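J.: Counting in our numbering, the sequence shown runs from 42 upward without gaps.
Certain hints may be false.
[Stated by the list, open to error] Okay, the calculated beta carbon distance ranges per label pair:
| id | residue 1 | residue 2 | range |
| --- | --- | --- | --- |
| 1 | Ile543 | Asp222 | 47 to 57 Å |
| 2 | Ser250 | Asn473 | 51 to 61 Å |
| 3 | Ala225 | Ala365 | 47 to 57 Å |
| 4 | Gln485 | Gly555 | 31 to 41 Å |
| 5 | Gln485 | Gln280 | 12 to 22 Å |
| 6 | Gln236 | Ile543 | 19 to 29 Å |
| 7 | Gln280 | Gly176 | 27 to 37 Å |
| 8 | Thr370 | Gly548 | 12 to 22 Å |
Since the hints were derived computationally from the structure, they do not count as laboratory data. Please read all numbers here as calculations on a predicted model, not as lab measurements. Think of the CB as a built atom: it goes at the ideal place given N, C-alpha and C, for glycine as much as any other residue.
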Amino acid sequence: MKQQKTIFTQLWMPLFLVAILGMVSGCTKFLDTQRQGSYDEETYPFPGGSGPYDQYIFGAYNDLRAYGVHVFAYVMATSVRSDDADKGSTAADGGANAQQMDIFPVLSNNGLANELWVSTYGLINKANNTLYQIGTNTNIVATDEVKIQTAAEARFLRAYGYFNLVRFFGNVPLIDTLFLDPGAQNNIPQTPAPQMYAFIESELNFAASILPPTWDPQFVGRATRGAALGLLAKVYITQGKWAQAQGAAITVMNSGIYDLSTPYARIFSEDGENSKESVFEVQATATASIQTAQGVQYAQVQGVRGAGDWNYGWGFNVPSQKLADAYETGDPRRARTILFTSTATVPGVSINGQTTPIGLPNPMYNHKVHPSTSFVAKINNRGSWWMNIRILRYADIVLMYAEATNELGGEANITAARNALNSVRARARAGNATLLPDVTTTDQALLRTAIRHERRVELGMEHDRFFDLVRWGISGQVLQDAGKLNYSESRDALLPIPQTQIDLSGGVLKQNPGY
């Protein structure tokens, strides 16, 4: 095992150095730590329901918490590029790398784009390493059942990584094996996006056929059948494969494992983690003695940027006025999504009942990452490294089902789509019949508009808006209307292939159009 870890280090050291050079200076970066509990790759005791390959698969799960996979670059590329959010913090903070994500264009030397590329391929490489160990490591004795289940987890994580890469960059190299030559991966040409999607679909179909519906509570957060099918629904809907998306989504809905019973306000709190709303989320934990080593910096980079008791983070990725104005009158989701800064006449109040100060750098902050006061006191820290990242929620599955079913057309489908949409609205109104009335239209086009609106307000600040705008073909119009006047749909729907990676490939990698 130690020899293999050495090979792994040699393989990815050049890319790791590139990532470090491309990062925004002045910020503490999240480095590799073990994901599950306080065990690491050397000490994990293989309790019941686990297996000897966990030392490798946990390395891949752990990369879900990596700074370059799901923290600063991720929220910039998914949220700040959309009309839901602005860069936030202070005007100059984050430098050109962050500013480009907000106002466009993102240049080919952008360090955040390079960080996404390098770190996501790092996740994929750890999944590949797991599969390599299953296929070649004769020192590990395991049943075929253990091998195939671990392979299903690895292929789920690999598919997730590639799904993000293809949405970020378009044509990307398909690397599905572990290269023992450190430079070999630099010579792989890009695979066209349609072929990438076919590969991702194959990976997720395999994972869905093998993964268990649930895990023992001690393994909470590991990929399940529902997670594979839910992600598959998103892959299908991204391509406009309506029937396939409908089928994957309804299978999750009929599983009996998930539902809309968790109150919306509770979903994003610490005690709402891994609820019946959760289909897949990145696990994080912290204690007073271990405050960051098993956590993730996702919430901290978005936490309220203030002083004293209001020093919760860096203040990036703040809700936009466009998002604030999108909610219907009285929609309770608005207050849970947006934490308003107090003014001289209107106080801003957090989910904990705290009144925000007057004069914070931004008028709004992401309320979904605001920690509870009890956790802050217990851990003696306001950095929120213990907060999980919600990657796939049940309401998202229901709304994907509604969208796909409506697009299929016909009276029965439109009725089923409307009912699904209204189930999400019913949870949101929290028993107040005067709010969020049921949608009653029977017109397919009007229902399409209603479903799109519901996705925005239900999933506000949750990484989907930019990708939704692109797949709907309206990103140019919407982002121009939101004041992002430099946005070009033909160029900016994809990030540039990082110039550093083109150079490392000796020109094998080709730049996206417009850059």
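J.: Of the numbered hints stated earlier in the document, which are not met by this structure?
T.: Violated hints: 1, 2, 8; rest satisfied.
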